[in-house]
Amino acid sequence: MSNLRRRDAIKHLVSLGTLLGGGGLLGARTPALAQGDPLLGARPLVRYPEKTDLILLTSRPPQLETPMKYFDRAITPNEAFFVRYHVFPIPLEVDLATWRLRVGGRVDRPLELSLDDLKTKFPRATVTAVNQCSGNSRGRFAPRVLGGQWGDGAMGNAEWVGARLKDILTAAGVRQGALQATFDGLDKPAFPSVPDFVKSLDITRIMDDPDILVAYQMNGAPLPMLNGYPARLIVPGWYATYWVKHLSDIEVIDHVFEKFWMKPGYRIPANACGCVAPGTAPAQTVPINRMTARSFIATPSSGARVAAGRPLTLKGIAFDGGYGVREVHLSTDDGATWQRATLGADLGRYSFREWTWTWTPRQPGAARVMVRAFNAIGESQGREPLWNPAGYLRNVIEHADFQVS
Amino acid sequence: MRRILGRSLLVLAVATSAAAADKTISMPPDDPYAALKPGPGVEVTQRQCTPCHSTDYIVMQPAGGPKQWEGVVTKMIKVFGAPVNDEDAKVIVDYLAKHYGN
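So the sequences go chain by chain: A and B.
Adding 116 to a residue's 1-based position in the first sequence gives its number in our numbering.
Adding 23 to a residue's 1-based position in the second sequence gives its number in our numbering.
What the hints contain is simulated information worked out from the structure, not anything from laboratory work.
From the three backbone atoms N, C-alpha and C, an ideal C-beta is built for every residue, glycine too.
Do not take every clue at face value.
[As the list claims (entries may be wrong)] Derived CB-CB ranges, DEER-like:
| id | chain 1 | residue 1 | chain 2 | residue 2 | range |
| --- | --- | --- | --- | --- | --- |
| 1 | B | Gly94 | A | Arg456 | 43 to 53 Å |
| 2 | B | Pro52 | A | Ala397 | 35 to 45 Å |
| 3 | A | Gly293 | B | Phe103 | 27 to 37 Å |
| 4 | B | Gly94 | A | Asp211 | 34 to 44 Å |
| 5 | B | Gly104 | A | Val402 | 19 to 29 Å |
| 6 | A | Arg456 | B | Glu66 | 19 to 29 Å |
| 7 | B | Pro89 | A | Ala452 | 40 to 50 Å |
[Claimed, not checked] To give an idea of the chain A side of the interface with chain B (calculated C-beta under 8 Å), a few residues:
| id | residue |
| --- | --- |
| 8 | Tyr164 |
| 9 | Thr174 |
| 10 | Leu208 |
| 11 | Met341 |
Could you put together the complete structure from these sequences and hints?
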């Protein structure tokens, strides 16, 4: 253990002691000692219902981050899948005898669908897709921005099974003049003055995309409560803000929906990069939409000690906004030269793409390995991160640092 | 008749237990890692902010001066409808700028 890491560990032990001495509740809670990350190091690992140890961002409403070690594989286990809510209180109980998905507004036949209806009245559709928070990695922005200070774990990839949203809207019969549909879930704020979490999508977008689902199954199991039981919206390629959890109400409308969580919430600069000069404000904005291309080194963890002269297998994932990852490259010379990683199975264009790469470290001392991905239309990451005031669309060449000895 | 009634009750009991078998979870208390620093104004801040969110929403933010925290408190009142009067808002801004300032 290096001096720096030992110091950090002692600091954490001291703060843990302070908590215990102060009568703090420990329960299934441990400090995130292994993180070795200035952003995440101070945050505890916590265990919530149906979840394994995740990094705590906030307790209430809960926001929990997936540790990087789970991104050494394409599918993120349900128990390790990140959690993000907007308003408190959150639903703690669902009774399927009374839960219904209502479809109304500008439709010919308003629907009230039970979970069984969703499973039996519509063809069963499957898509493997990445669910990533718009603000994933916001804590890495420089200059820093207000908002949830996520590390890189507000993302996950799962096989989703459900009914196609277009089939549901077709059954309801969308009327002429309909422009958007809005999506509301069971989570309702404590005060009526707090804006309810409601999102919208264009009707044309829904009817053109057979992969937008109302999903009732996640990696072969019912959804965990904290990931939207009994059903949530799946919008492959787009940020998680549209993937409304505990979906309960769909309303077809004849105008553009502009309540808080669509405007001014979740907006990006209205230009090609979705970025502005650091510290400045955009003149015009649009709703956030398709994800940028990203790639990560999951194992060994950044900060690990590795042996010189011995081949080492690095593992990680790459993804983009729905064109599909074509290549993943790694560099050990600060980006002067790049080598191709071996890609894992192709689980579809919306999925994490697993990669592995074998590296034999030569020089003892500090070593940085950089990773970048290219998708089918050539989108990649740059050396310098793009910036916007909300801390969205993080897109930069990522790296992991190792101690070679 | 009694047998029919008994059977109906049994069916009802099965139906009820099936409904009760749907998902229920309970949440842990707010984590102590996010406890607010002691100082003048901490009680008002605690009382006015925590009905809607735990204090990690505060302590995780980048350090900022009175301008940043005034913006945040104003947003909570104007946009999120937090029922906080002007006097308390000022106490909260002063407390946050002093203890979570740069």
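The hints, checked one at a time:
At roughly 46 Å, the beta carbons of B/Gly94 and A/Arg456 sit within the given window of 43 to 53 Å. Between B/Pro52 and A/Ala397 the CB atoms are about 38 Å apart, so this pair conforms to the stated range of 35 to 45 Å. Evaluation of the 27 to 37 Å hint for A/Gly293 and B/Phe103 yields a pass: the beta carbon distance comes to about 33 Å. For B/Gly94 and A/Asp211, the hinted distance range of 34 to 44 Å is satisfied, since their beta carbons lie about 42 Å from each other.
At roughly 26 Å, the beta-carbon separation of B/Gly104 and A/Val402 lies within the given 19 to 29 Å, and the hint holds. Look at A/Arg456 against B/Glu66: about 59 Å separates their beta carbons, and that is not inside 19 to 29 Å. Restraint check, B/Pro89 to A/Ala452: a C-beta distance of roughly 46 Å satisfies the suggested window 40 to 50 Å. Contact between A/Tyr164 and chain B, as hinted, is supported at the beta carbon level, the nearest pair being about 7 Å apart and thus within 8 Å.
Using the Cβ-Cβ criterion of 8 Å, the hint placing A/Thr174 at the interface with chain B is satisfied: the shortest such distance is roughly 4 Å. The closest approach between the C-beta of A/Leu208 and any C-beta of chain B is roughly 5 Å, which is under the 8 Å cut-off, so the hint is satisfied. Annotation: interface hint on A/Met341 holds; nearest CB of chain B at approximately 5 Å, less than 8 Å.
Checked against the numbered hints given earlier, the structure breaks only hint 6 and satisfies all the rest.
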